[in-house]
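Can you build the whole structure from these sequences, using the hints too?
Number of protein chains: 2
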Amino acid sequence: MIIREATTADFEAIWPIVQQVAAAGETYPYPRDLSKAEGERLWMHVPQKTFVAEANGRILGTYYIKPNTGGGGSHVCNCGYMVAPEGRGRGVATALCEHSQRMALELGYKAMQFNLVISTNQVAVRLWNKLGFETVGRLPKAFNHPGHGFVDALVLYKWLAEA
Amino acid sequence: MIIREATTADFEAIWPIVQQVAAAGETYPYPRDLSKAEGERLWMHVPQKTFVAEANGRILGTYYIKPNTGGGGSHVCNCGYMVAPEGRGRGVATALCEHSQRMALELGYKAMQFNLVISTNQVAVRLWNKLGFETVGRLPKAFNHPGHGFVDALVLYKWLAEA
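Chains as they are written, first to last, in our numbering: chain A, 211 to 373; chain B, 211 to 373.
Think of the hints as simulated: they come from the structure by calculation, not from any bench. From a predicted model like this one, the values you see are computed outputs, not experimental measurements. Treat the hints with caution; some may be incorrect.
Copies of one chain are not kept apart here, so a pair can be met inside one copy or by any two copies together.
Claimed, not checked - SDA-like, lysine to any residue: derived pairs with alpha carbons at most 20 angstroms apart:
#1 Lys320 / His255
#2 Lys351 / Arg251
#3 Lys368 / Arg348
#4 Lys276 / Val256
#5 Lys276 / Pro295
#6 Lys276 / Pro350
#7 Lys320 / Ala233
And the structure:
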């Protein structure tokens, strides 16, 4: 598996992943009927950079990196990760997250923040905690989950830089 | 003092307030050299609605309201408030915040979130706490303060709806 920056042409392979995650409505605050154009804007254009994990010419996962805010908050980045169904259980999310942390430092960031980790997404919470992200906030009933109704969302944060 | 929706023409009076807050670099994650065009985009165009507090034809303060995220998080709004120097000590921030909570419910939101309240801005923290906002998160060193260096930022949250 290699991780490389996504090209414009990669979006054809990225879109089914984003569409499926959006349609499920369980982990990302995207409209469940997200259009392809809006998906491309959110995943490819709004972010600073977008990457894909690829094996044997198949895209197994993807992540973006962007500043979380500006001005005095410019040293904190935000990333989002998605794994294709065929990439599950192969360490793709871990590989993407570790890559993104190195990329964050290369791009001059000092910390990484996840603003809305849905509390019911326990696989993600456990993985991010294991990779050194601390749960620094809990937003009561901040996410309307299609199966569970209003559930809490978590804010996760990791300081990456030496100082 | 009345609070009313801002018109395009109001930005001439709003801009000095936004510019001063941005230039100070102490409370908002805006570039300190924020341009007027970017200020207008951030305060007037990105938000869903923008309001002003006015007394005797002078604008004493302003706030915006917008969705904090989309999809399953669409019931949570985000607001930002700024008070002009001549509005200080006159209850303007309280009036704006109370107005914004009513407006949030009118617009169909159920909760309000402040994503980055700078921990050194104790006047704001105390006021929001007094107005029912709970500190639900602390982001370590998430803000680079011109006077204090890297300081923590707080996440504040209030559920507004009946259920």
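Handout entry: Which numbered hints fail
Key = Structure breaks hints 1, 2, 5, 7.
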